[in-house]
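**Q** Residue numbers (the numbering used here), protein chains in the order written: chain A, 21 to 315; chain B, 5 to 337; chain C, 26 to 580.
Keep in mind that a hint or two might mislead.
Here are the simulated lysine to any residue pairs, SDA-like style, with alpha carbons at most 25 Å apart [as the list claims (entries may be wrong)]:
#: 1; chain 1: C; residue 1: Lys357; chain 2: A; residue 2: His83
#: 2; chain 1: C; residue 1: Lys407; chain 2: A; residue 2: Tyr76
#: 3; chain 1: C; residue 1: Lys305; chain 2: C; residue 2: Glu376
#: 4; chain 1: C; residue 1: Lys235; chain 2: B; residue 2: Ile17
#: 5; chain 1: C; residue 1: Lys357; chain 2: A; residue 2: Asn85
#: 6; chain 1: C; residue 1: Lys235; chain 2: B; residue 2: Val138
#: 7; chain 1: C; residue 1: Lys357; chain 2: A; residue 2: Gln274
#: 8; chain 1: C; residue 1: Lys235; chain 2: C; residue 2: Arg83
Have a look at the derived ranges for each label pair, beta carbon to beta carbon [to be verified]:
#: 9; chain 1: B; residue 1: Trp161; chain 2: A; residue 2: Pro52; range: 50 to 56 Å
#: 10; chain 1: B; residue 1: Leu64; chain 2: A; residue 2: Val143; range: 24 to 30 Å
#: 11; chain 1: C; residue 1: Asp399; chain 2: A; residue 2: Ile65; range: 21 to 27 Å
#: 12; chain 1: C; residue 1: Tyr57; chain 2: B; residue 2: Phe102; range: 36 to 42 Å
#: 13; chain 1: A; residue 1: Ala29; chain 2: C; residue 2: Asp399; range: 39 to 45 Å
A few chain C residues that don't get close to chain A, going by computed Cβ distances all over 10 Å [to be verified]:
#: 14; residue: Pro110
#: 15; residue: Thr391
#: 16; residue: Arg516
Simulated from the structure, these hints should not be mistaken for laboratory data. Please read all numbers here as calculations on a predicted model, not as lab measurements. Even for Gly, the Cβ is constructed at its ideal location relative to N, Cα and C.
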Amino acid sequence: MVLALAVVAALRRRVRRTAPGRRFFRHPTAGPGLFVLAFFVTIAIAAPVVAPYPPYYQIDISHPNHPPSLQFLLGTDPFSRDVWSRLVYGARVSLGIGAVAMLVAATVGTAVGAVAGYFRRWVDSVLMRLVDVGLAMPRIFVLLMAVALWDHIALWVLVLLIGLTGWFGTSRLVRAEVLSLREREFVAAARALGAGAGRVIFRHVLPNAAAPIIVSGALGIGHMMLLEAGLSFLGLGVPSPIPSWGNMIADGWQRMTVAWWSSTFPGLAISLVVMALNAVGDALRDALDPRKEAA
Amino acid sequence: MAAWLVRRLVASIAIVFAVVTITFFVVHLAHGTPCGSQDRPLPPEVCQQLCRRFGCDKPLLVQYGMYLARLGHGDLGESIGLHRPIADALAEAIPNTFILALAALLIDFALGLALGIYQAVRAGRFGDVAVGNVALLINSMPVFWLGLVLLLVFAQWLHWFPAGGITDPVLCPRIESPYCVLDFLWHLTLPALTLGLVGAASTARYQRAAMLEVVRQDYVRTARAKGLRERRVLLVHALRNALLPIITLFGLAFPFLFTGAVLIETVFAWPGMGRLAVSAILQRDYPVVTGAALLTSAMVVLGNLIADALYAVADPRIRVRAGEGGGGGGGRD
Amino acid sequence: MPNARRSTGLIPLAVLFLVAGCERPVGCTGEYCGTMVIAGGGEPDILLPPVSEFVITRDVTDQLFLKLADLGPSGNTIGDEDFQPQLAARWEWDAPTTLVFHLDTRARWQDGQAVTAADVAFTYDAYTDTLVNSSFRSSLRQVAAVTTRDSLTVVFRFRQRYPEMFYDAVYHMRILPAHLLREVPREQWRSTAFGRAPVGDGPYRFVAWKAGESIELAADSAFFLGRPHLRRVIWRFTPDQQVAVTQLLAGDADAVEVLVTPDNVQRARADTQLATYPYKGSAYGYVGFNLAAPGDSTRPHPLFGDRDLRRALFMATDRERLLRNVFGDLAKVPPGPLSQLWWIWDPEIRELPYDSGQAARLLTRTGWIDTDGDGIRDKDGKPLAFRLLLPTTSAIRRQYARLLQEQFRIAGVDVQLDEVDFGLYNERARAGRFDALLNTWNTDPTPSSGFPQTWTPAGFGRSNYTRYDNPEVDRLVDQAVASAANRDQARRAWRAAVETLNRDAPGIFLFATSNVAAVHKRIVDVTIRPDSWLALLRTWRIPADRLTDRDRVER
Chain A
21 MVLALAVVAA
31 LRRRVRRTAP
41 GRRFFRHPTA
51 GPGLFVLAFF
61 VTIAIAAPVV
71 APYPPYYQID
81 ISHPNHPPSL
91 QFLLGTDPFS
101 RDVWSRLVYG
111 ARVSLGIGAV
121 AMLVAATVGT
131 AVGAVAGYFR
141 RWVDSVLMRL
151 VDVGLAMPRI
161 FVLLMAVALW
171 DHIALWVLVL
181 LIGLTGWFGT
191 SRLVRAEVLS
201 LREREFVAAA
211 RALGAGAGRV
221 IFRHVLPNAA
231 APIIVSGALG
241 IGHMMLLEAG
251 LSFLGLGVPS
261 PIPSWGNMIA
271 DGWQRMTVAW
281 WSSTFPGLAI
291 SLVVMALNAV
301 GDALRDALDP
311 RKEAA
Chain B
5 MAAWLVRRLV
15 ASIAIVFAVV
25 TITFFVVHLA
35 HGTPCGSQDR
45 PLPPEVCQQL
55 CRRFGCDKPL
65 LVQYGMYLAR
75 LGHGDLGESI
85 GLHRPIADAL
95 AEAIPNTFIL
105 ALAALLIDFA
115 LGLALGIYQA
125 VRAGRFGDVA
135 VGNVALLINS
145 MPVFWLGLVL
155 LLVFAQWLHW
165 FPAGGITDPV
175 LCPRIESPYC
185 VLDFLWHLTL
195 PALTLGLVGA
205 ASTARYQRAA
215 MLEVVRQDYV
225 RTARAKGLRE
235 RRVLLVHALR
245 NALLPIITLF
255 GLAFPFLFTG
265 AVLIETVFAW
275 PGMGRLAVSA
285 ILQRDYPVVT
295 GAALLTSAMV
305 VLGNLIADAL
315 YAVADPRIRV
325 RAGEGGGGGG
335 GRD
Chain C
26 MPNARRSTGL
36 IPLAVLFLVA
46 GCERPVGCTG
56 EYCGTMVIAG
66 GGEPDILLPP
76 VSEFVITRDV
86 TDQLFLKLAD
96 LGPSGNTIGD
106 EDFQPQLAAR
116 WEWDAPTTLV
126 FHLDTRARWQ
136 DGQAVTAADV
146 AFTYDAYTDT
156 LVNSSFRSSL
166 RQVAAVTTRD
176 SLTVVFRFRQ
186 RYPEMFYDAV
196 YHMRILPAHL
206 LREVPREQWR
216 STAFGRAPVG
226 DGPYRFVAWK
236 AGESIELAAD
246 SAFFLGRPHL
256 RRVIWRFTPD
266 QQVAVTQLLA
276 GDADAVEVLV
286 TPDNVQRARA
296 DTQLATYPYK
306 GSAYGYVGFN
316 LAAPGDSTRP
326 HPLFGDRDLR
336 RALFMATDRE
346 RLLRNVFGDL
356 AKVPPGPLSQ
366 LWWIWDPEIR
376 ELPYDSGQAA
386 RLLTRTGWID
396 TDGDGIRDKD
406 GKPLAFRLLL
416 PTTSAIRRQY
426 ARLLQEQFRI
436 AGVDVQLDEV
446 DFGLYNERAR
456 AGRFDALLNT
466 WNTDPTPSSG
476 FPQTWTPAGF
486 GRSNYTRYDN
496 PEVDRLVDQA
506 VASAANRDQA
516 RRAWRAAVET
526 LNRDAPGIFL
536 FATSNVAAVH
546 KRIVDVTIRP
556 DSWLALLRTW
566 RIPADRLTDR
576 DRVER
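Please put together the full structure from these sequences, using the hints given.
**A** Right, dumping it as structure tokens:
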């Protein structure tokens, strides 16, 4: 907690010196959002320190469902596992899945968008029709089908799949950005100097298109986390006993009437983190929007 | 306008066609014959008979052709787990999903627009901030979790609403009296509210932003300069123009409603497409999964098409851009 | 289907009175009204008895299709004295192995046709047909032939004489209408339209099946053994038993088969509307080790082919504490593959102890040592890991699976869960496509038919999922079945058989249920037969003065 505050304060001091940084923190929800994120990232990294029990450890299975108390901060679940400890380790899994899947999605989306926007013509048509098809299939269906087709899916495959079904929107965004950038003088100049397509895209186009990618990335992590939670809730996501927040909700909800705490806290955790991501994403959008430069 | 519409229609059909093709080949490559999978082998006698019907001894392309031909006749095949034709099962489930989605959409837009306008009018003040933060929180919740919480509070603790299902099986085995319509609506409330609330939260955000955007534009300044009262400026001039983005939102809402429905139908035991698909997936009943995916995609594409058409009607400037852009976008899920 | 529905304007009007809370009786009055909603943990796959193994299917179809005779209140399966006539009005023995049934002349299919001897012969043919592949085939193995003498007389011939032959003749088969099913090719029985809208001869007739929601039956007022008191019986499907109990407690249902956990029992007892009915459990649950390689029954399983490994896993499991977590005091740890319903239940039967130290030593001795320090034992570079198959539809087993996962992890064994739909679970279990499974077996009322189904080669390809086969056990079982009339002798043989099996540890026997049903208090004369809780449903009734408006409403 203290550590998280310190991190946010330090960031704030550093970032304040730049104009976008000031705009970022002018956003009323940016500070709290960043704090929530820093908090969960901190406990995820320091999980062994802040968790009193290992995440799988079943303390006393003859007496499960302890209400929250000093000994068990958030109570224990129907398997007599400490909810707080699982929440902390679950932060690693859930945030990790969100971040990695988003990285995959952003990479693929950026690559496809850049290629389509830069080369235009048939490359663009083919890729964008592909994106149309991808957007037409609801993601959860695609994921469910994939999970059903290949039995016992490994965690990394699941993460990859979540990422690979999430790049369509990003690619459109990047394509639009690249389309407008490639007509600008500095890109034209680079091309005239004989730079290859790869070099132009990486050195000149993408850095200037970074803002929307970062913003959509920040917002996207939240989507990825919600998707993971939904899949795990249906029993088709992260395999037991790995503690993901979605898994924790699924494990506890049958006993909601007896022990509300074991599904409520992980649900709150997801909501808080996604909310923080949204807040930070919004603030970033405002901060990085070049149109606001003049204001 | 007509030509544009035809082009969009053709594009939409092409997209659905592509979805059909992809699912057909993916499922077939992974699981060959209609005799069930390795996991669910059907008895050899049954298999032979099915094979004759589906032509699994023929090359894959011929099978694909036959599949398309059957699809043209509305024949989606037999379900392995449900012991019945898939088209029948889907025909039973679709209206339920549709009604749920429609009710959710209604709540989504009614509540979302109202809140968005309220926020814009009170921009920067306490009401705006409070509503904004609550909306942000709801928009960030896992939709199934919100459903669980509502179920726990309103069905199991307060007993205000039923804990699931679609009608009371004793009093209303069929919906044929005013009472049963009420009973149906009573069952519909919680699931529709869950989906609608999450939707409304983002609708409100869009609406607020759109209205504030319009406020900065010239004609609003002119209106203001003419000495009109602020409230009137907002509600009459700004609102009219800020309704445009809502149409886009309508297109976006479709995929969200269907993906959300998958989870919500499971939570509330609502016998719709989502629940059918989920149970088919747990049963590894691939023909049903394929059928459900196909129909859902078709509906998403249709939703986008409607949104584009509305957009084009509302704002002729858009037509060209929308025409080249293809379908709308996902994003909310 | 025949469904006399009066579509007059009266119904909405009447129901509007309900809305207004009007006390006036509407619709049905008298002794034969009443509606019961049963919350069921699951949904039938198909309403055709020989091709379904679901317990909920049995509950529904037993109201639609009659047996020739049924168990009496004593539950005695030996001889024929305690059996009660159903379709067969009477029977006699022409020879020690020839049994003649005389059908009740009043019996009618609900489409008006008479029930004939030909129906019985047809049913036997279907139940024993390999194309239908009924799980009851092994139970009918001693019946050599079923023939008709005239339209109302049917003759059973047995291969040999044994104490429970009458039971085998009548208990397993629900007689089916030959005139409606003869034309359906046998390989299509698993998807026939009849299975979604059956026509029976029982106390209730089929009304409607709304997929994913409910099945409704209506009393057959002309039923020849006595008109059922409850006019409508409706099953509401829920994903599992725990949700079913939640529906009951929320007032959305009138009855559940089992309350499952102690806190549910407590809440049901505290509910002034509900009455609870404890009865003997007919089910036991176990982890079954696949002794054959998955998908190839000719080779032994790479892990569980090893008896020492199975014994070590058995000893590493603290069955008492697992039981307390899941069931509290509502079940018992069984001394082998036994349900509490069986008369051979005996806590004195010897079995392996819970001894994690010995389990660890045994694993180490057989070469399973954690050489790489990851907490999981390994041998020849392969970790000691397996997958546990279980159905998503059972909250109990999902709970057990997660507890076992941790117990085995502590013992250095990595277990991953394969949670699949119940139908798929059944098929994989039958086909032997699993490492280990978490099964609940609903036993027949007698071990003579219930035990061989699951633990002798007679059940291969059907319900002997583990493919356990020990000739010594088979011999002892045969001896026990043959001597069933002499309780002491039979008991000794059964005990020896179970103890032999326990030493082989083909499974870890986790729980034997003690059931508590809950039924709304307005329903009286609730008698529950432990082997099939709704077997006597037609005698349950709601007194005329306790009918609610829900009971009276006309469909």
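**Q** For each hint, tell me whether it holds in the structure or not.
**A** Status of the hints after comparison with the structure:
1. C/Lys357 <-> A/His83: With a Cα-Cα distance of about 18 Å, the restraint between C/Lys357 and A/His83 holds, given a limit of 25 Å.
2. C/Lys407 <-> A/Tyr76: Measuring from Cα to Cα gives roughly 23 Å; hence the hint holds.
3. C/Lys305 <-> C/Glu376: holds (23 Å)
4. C/Lys235 <-> B/Ile17: violated (33 Å)
5. C/Lys357 <-> A/Asn85: Within the cut-off at roughly 22 Å; holds.
6. C/Lys235 <-> B/Val138: violated (39 Å)
7. C/Lys357 <-> A/Gln274: Answer holds: C/Lys357 to A/Gln274 is near 23 Å, not above 25 Å.
8. C/Lys235 <-> C/Arg83: Distance of about 18 Å is within 25 Å: holds.
9. B/Trp161 <-> A/Pro52: 50 to 56 Å: violated (31 Å)
10. B/Leu64 <-> A/Val143: 24 to 30 Å: Holds: the Cβ-Cβ distance is about 28 Å, inside 24 to 30 Å.
11. C/Asp399 <-> A/Ile65: 21 to 27 Å: holds (22 Å)
12. C/Tyr57 <-> B/Phe102: 36 to 42 Å: Cβ of C/Tyr57 to Cβ of B/Phe102: about 40 Å, so the range 36 to 42 Å holds.
13. A/Ala29 <-> C/Asp399: 39 to 45 Å: holds (40 Å)
14. Pro110: Its Cβ never comes within 10 Å of chain A, the nearest being 44 Å, so this holds.
15. Thr391: Answer for C/Thr391: holds, closest chain A Cβ roughly 25 Å.
16. Arg516: Check passes; 33 Å lies beyond 10 Å.
Checked against the numbered hints given earlier, this structure breaks hints 4, 6, 9; the rest are met.
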